[in-house]
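J.: Listed here are the chains, written in short residue letters.
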Amino acid sequence: MANVMELVNVSKRFGSGHTAVNALSDVNFEIQQGQFVSIIGPSGSGKSTFLTIAAGLQTPTSGKVLLNGTDLATQSEKQRLQYRFDHVGFILQSSNLIPYLTVSEQFKLIDRLAHQKFQEKEMRQLLDRLDLKNLDDAYPNALSGGERQRVAIAKALYHEPDIILADEPTASLDSTRSFDVVDRLVSEAHDLNKAIIMVTHDERLITKSDVVYQIDDGKMQKLENKETVESHN
Amino acid sequence: MYLGLKEMRYEKLRYSLLTGVMVLIALVVFILAGLAGGLSQGNRLAVDQWQAKYVYLNKDANKNIMASQLTTDATNDVKGKQVANIALDSTVVRKIGSNNKIDISALGTANNSFIMPKVTSGHKVQRDNQIIISQNLKDQGIKIGDKVRLGSNDTKLTVVGSYGKSTYSIAPTMYMNLATLAKIKAAGTPVTKPLGINAIITKDSQLSGNKHNLQRLPINDFIQNLPGYSAEQTTLNTMIYFLFAMSLAIIGIFMYVLTLQKQSLFGVLKVEGIGTRHILASVVTQAAVMSVISVAIGLLITIGIGAIAPTGMPFALNYPQLGIYAISLILASILGSLLSWRTIAKINPVTAIK
Ligand SMILES: Nc1ncnc2c1ncn2[C@@H]1O[C@H](COP(=O)(O)OP(=O)(O)OP(=O)(O)O)[C@@H](O)[C@H]1O
Ligand SMILES: [Mg+2]
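Taken in order, these protein sequences are the chains called A and B.
All letters in the first sequence, in the order written, are residues 10 to 242 by our numbering.
All letters in the second sequence, in the order written, are residues 35 to 388 by our numbering.
Check each hint, because a few of them may be wrong.
To be verified - Derived BS3-like pairs (lysine-lysine); straight-line CA-CA distance at most 30 Å: (1) A/130 - B/40; (2) A/117 - A/87; (3) B/46 - A/117; (4) B/115 - B/93; (5) B/181 - B/135; (6) B/227 - A/73; (7) B/199 - B/129; (8) A/73 - B/388; (9) B/129 - A/142; (10) B/40 - A/117; (11) B/388 - A/117; (12) A/228 - B/172; (13) B/40 - A/87; (14) A/126 - B/40; (15) B/388 - A/87; (16) B/113 - B/87; (17) A/142 - A/130; (18) B/388 - A/231; (19) B/172 - B/158; (20) A/217 - A/231; (21) B/237 - B/227; (22) A/228 - A/217; (23) B/97 - B/199; (24) A/126 - B/46; (25) A/142 - B/46; (26) A/87 - B/380; (27) B/388 - A/217; (28) A/117 - B/380.
Simulated from the structure, these hints should not be mistaken for laboratory data.
Chain B on its own, in the form it takes in the complex (with noise of 0.2 Å):
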């Protein structure tokens, strides 16, 4: 420990450049971290928020909600309790008399059913025509009684409620009622009951009979196969493990090398019984130090980074996995070091009297 440490203030210059390439990959790894979760959170925070347990699909859309076509009367081969119709549309919404197009998701569900947002400002969805939006969507200057237009759809919609922040499909929520959404994606044409929908979301519930074709998936099932979701969290996790393995490579190098520079000494100490132990002891210390820093800086530059990161950019920071990802850095670099124990192991104090 000690003669690690002092070690340490002696070449502080070799010592602090090693900590600055650790910082670098520390903030790659958060900023990772950081859109993954982003991205995450974009496509499946309106998901998490229904609080459901099992997705109902047609079994011939290969687990992909918008390819699932089914009627609302495909709920009587569902059985159970919080039991919600949904319908999806991805499109965009335009104040009238504003050209300003907002991409958004829509999504139909009846006024009462478990899934529809808890109001924050003004009312709930009681009549066809009227939608709630979600807080990021009136960030972007919606709000509560602007009379709105989706995609090239005429019909006039009314906002009469906002709830807290929701995405998905990496674009704010809106939610109304089915027959508002179906109106909608008809576009033009005349709706016929009963009404398409895309899944039914629900709690507690089982098949109980299959006229619809119908497919049970876990949520977690369901969410791992929405469009990109999982392409985009492979892509971005697999990423950070590259990393974790990279500054296990480089301090396993670094220090490797430090350790060959130093074995004529390290030999000396050996003759002075000053074994192994007290040795690696000193070099896995360095190890721990320079990674402890490293990624105590990455971190509070990542959440720099987090409190200025433009609205529109997916960033989203879980504290938990930050730090599950800031103990893995921590303990990659200790294993690294650790690579230098057999070389250290080997030396022979007798090459040190000559």
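Next up, chain A with everything else stripped away, as it sits in the complex (with noise of 0.2 Å):
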């Protein structure tokens, strides 16, 4: 199957000199559809910076970012923005739900810029997926931690993207919602076969991934197995 997202020989580095740092060195990477891929690494070990290149929000310093082929570094700031707005979902840290619209007009907005018609059917469908129900008119500061998470996620798979990058979207919630939420993801991922790309820092959550990748000091691993992500630490 062909990869959705492929990382070639990517390295980071920030400054110069003897104060630069490798946030990412040679990192290899490759996720296909219906994957749920963790990447699991410490504080400041490159993991949100491996997500901003691989968002396309910044550029590596050298190797290859290709999303279905197409290479990201080589594309202009406005074609980034445009083919994250096409092909790419966002999960953020602590929601990244818009404060002033509800949650039908979370969806209705990517619509408008779109120049499209709300696709209601489909948004009626994420939310029952995600047993969001009767929550369309609300605001999400009357949201819990847990149905602003989902709500992002149906979000994020809202126009069929072509990958989902979540940002330990769990960040803010506790452990039994977390669970939840990465639950809901991995199901995502199989029964819609969906690229999900998920980074956190916390290991009880990687259990059902497909694949996890291990990032230390900015060089990245596959971990085969997942217990040897126990024995790593």
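With the hints in hand, could you dock these two chains into one complex?
T.: Next up, the structure:
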């Protein structure tokens, strides 16, 4: 099966001379449709740097970031912005919902900006799958933390993105809710055949992942079986 | 657009307060415009009604008609169609048998001169000691057939006709022939010929000689030099322009502060592929909506004030001009909101992922 996303020999260096930081060194990574991939690593290891490069928010110092075969690094900032809008779904730490839009308006906004009709049926299906009934007219601040992240998942899945990037999506949740959110992400990947990358520093959350990458001091390695994570620490 | 409008709905109080401030600014702009218009009209309405093109004054008068002394034979130096002598006096009128004094501008010109107003009731000035009065003087209780006195002069004048609203030097006008006005200005001393006048008003004309030390002024130049006229207008207009700058600054600062507050949200939007253009559009939409609403409310209130303003208050609404001011206020607000453009453009989406 073809890779949805592939990073080839990606390095990212901040600064220069003896103060230079190699946030990523020679990273290789791949993910396919229907896979749920976790990236785990301690603070400062380069997880966020990886995610911003995968999202095309910044360009690598060297290497290739291939999304369905096109190299993001060669695209203009404007093209990358449009690419994110059209093909990438995001789930950020403390919910990326817009505080002054109701749940259904979060979806309507996307359609407005895409100059197309509101895909109400698609939204309904996603919200139902995520057990978010009768919340259409609620504002984000009226939702619980778990509900908010589930709406964020629904929003990330809206319009069939090629890939979903989740940046510590459980950071603001207690452990029961964290497991629930991760379980749902895993089943979305499997049931809807989506590629989902989750970045986390919490080892308990990675057990259901299809693939786990461990990152340490900018160096990334694929863990063949998940137990090695435990033995590593 | 959508984003901006939805935010205004969510943050009603915040945006209504700013709209309220904008209403006040718009109101002050429109009221000042009304006052400037009223004062302008009070000074020049009679001059506008002449529909003249050039005014001849004594060169030594420094363009001030009250300082300009000429005699009727100065017209010999002016060649052209529709040439009218004019004398004027600022005085008070009093009905005989009444103590009620009204400030007026008395204008003297030949009975058949082109600047003599067309009467709408009664008849024209035909003889000495006859006067015709403006509608606004009529509104203050003087009627056709009344006998009046001007200033401290004893001459009894008869009101024989009236014409529409007309003011000069912030006072209602009355017209009479040159001999009558000369008699009143001379106040007892015998009147000599040729009669003294202040200016020659013409349509198309040229100087054909200059025995009388004349200076030809285009009518606009003459109006700008009416006593007090440009000082008043400049003062009021400067205030109006200053208010445009103020509304730009207020909207600009307010939207800038809101933008700073929302930087992290805007960062998230950029992560999701919603770029500077859309974010700025939402900010501009908000400024446009607020300014359109506040300008509309300001206009309504101003029109209301215009309708109930007491007759003595110089207040005149010039709708095309109000329209221009309304559009300027809206443009100033939109321009103000564009000041946030750099800040929005500089927000780096990378900061949204930590
Ligand atoms: N813009 C930058 N300039 C300089 N150094 C940077 C920059 N961004 C990241 N770094 C450095 O790169 C390294 C990796 O940072 P990164 O944010 O990717 O870590 P992380 O794994 O996300 O950590 P955490 O779990 O604490 O969020 C760190 O040493 C960090 O200081
Ligand atoms: Mg991080």
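J.: Run every hint past the structure and note whether it holds.
T.: Status of the hints after comparison with the structure:
no.: 1; hint: A/130 - B/40; verdict: 22 Å, holds
no.: 2; hint: A/117 - A/87; verdict: 23 Å, holds
no.: 3; hint: B/46 - A/117; verdict: 21 Å, holds
no.: 4; hint: B/115 - B/93; verdict: 22 Å, holds
no.: 5; hint: B/181 - B/135; verdict: 14 Å, holds
no.: 6; hint: B/227 - A/73; verdict: 104 Å, violated
no.: 7; hint: B/199 - B/129; verdict: 20 Å, holds
no.: 8; hint: A/73 - B/388; verdict: 22 Å, holds
no.: 9; hint: B/129 - A/142; verdict: 85 Å, violated
no.: 10; hint: B/40 - A/117; verdict: 11 Å, holds
no.: 11; hint: B/388 - A/117; verdict: 28 Å, holds
no.: 12; hint: A/228 - B/172; verdict: 97 Å, violated
no.: 13; hint: B/40 - A/87; verdict: 26 Å, holds
no.: 14; hint: A/126 - B/40; verdict: 18 Å, holds
no.: 15; hint: B/388 - A/87; verdict: 22 Å, holds
no.: 16; hint: B/113 - B/87; verdict: 14 Å, holds
no.: 17; hint: A/142 - A/130; verdict: 14 Å, holds
no.: 18; hint: B/388 - A/231; verdict: 23 Å, holds
no.: 19; hint: B/172 - B/158; verdict: 16 Å, holds
no.: 20; hint: A/217 - A/231; verdict: 15 Å, holds
no.: 21; hint: B/237 - B/227; verdict: 26 Å, holds
no.: 22; hint: A/228 - A/217; verdict: 23 Å, holds
no.: 23; hint: B/97 - B/199; verdict: 26 Å, holds
no.: 24; hint: A/126 - B/46; verdict: 27 Å, holds
no.: 25; hint: A/142 - B/46; verdict: 28 Å, holds
no.: 26; hint: A/87 - B/380; verdict: 14 Å, holds
no.: 27; hint: B/388 - A/217; verdict: 24 Å, holds
no.: 28; hint: A/117 - B/380; verdict: 27 Å, holds
Of the numbered hints listed earlier, those contradicted by the structure are 6, 9 and 12.
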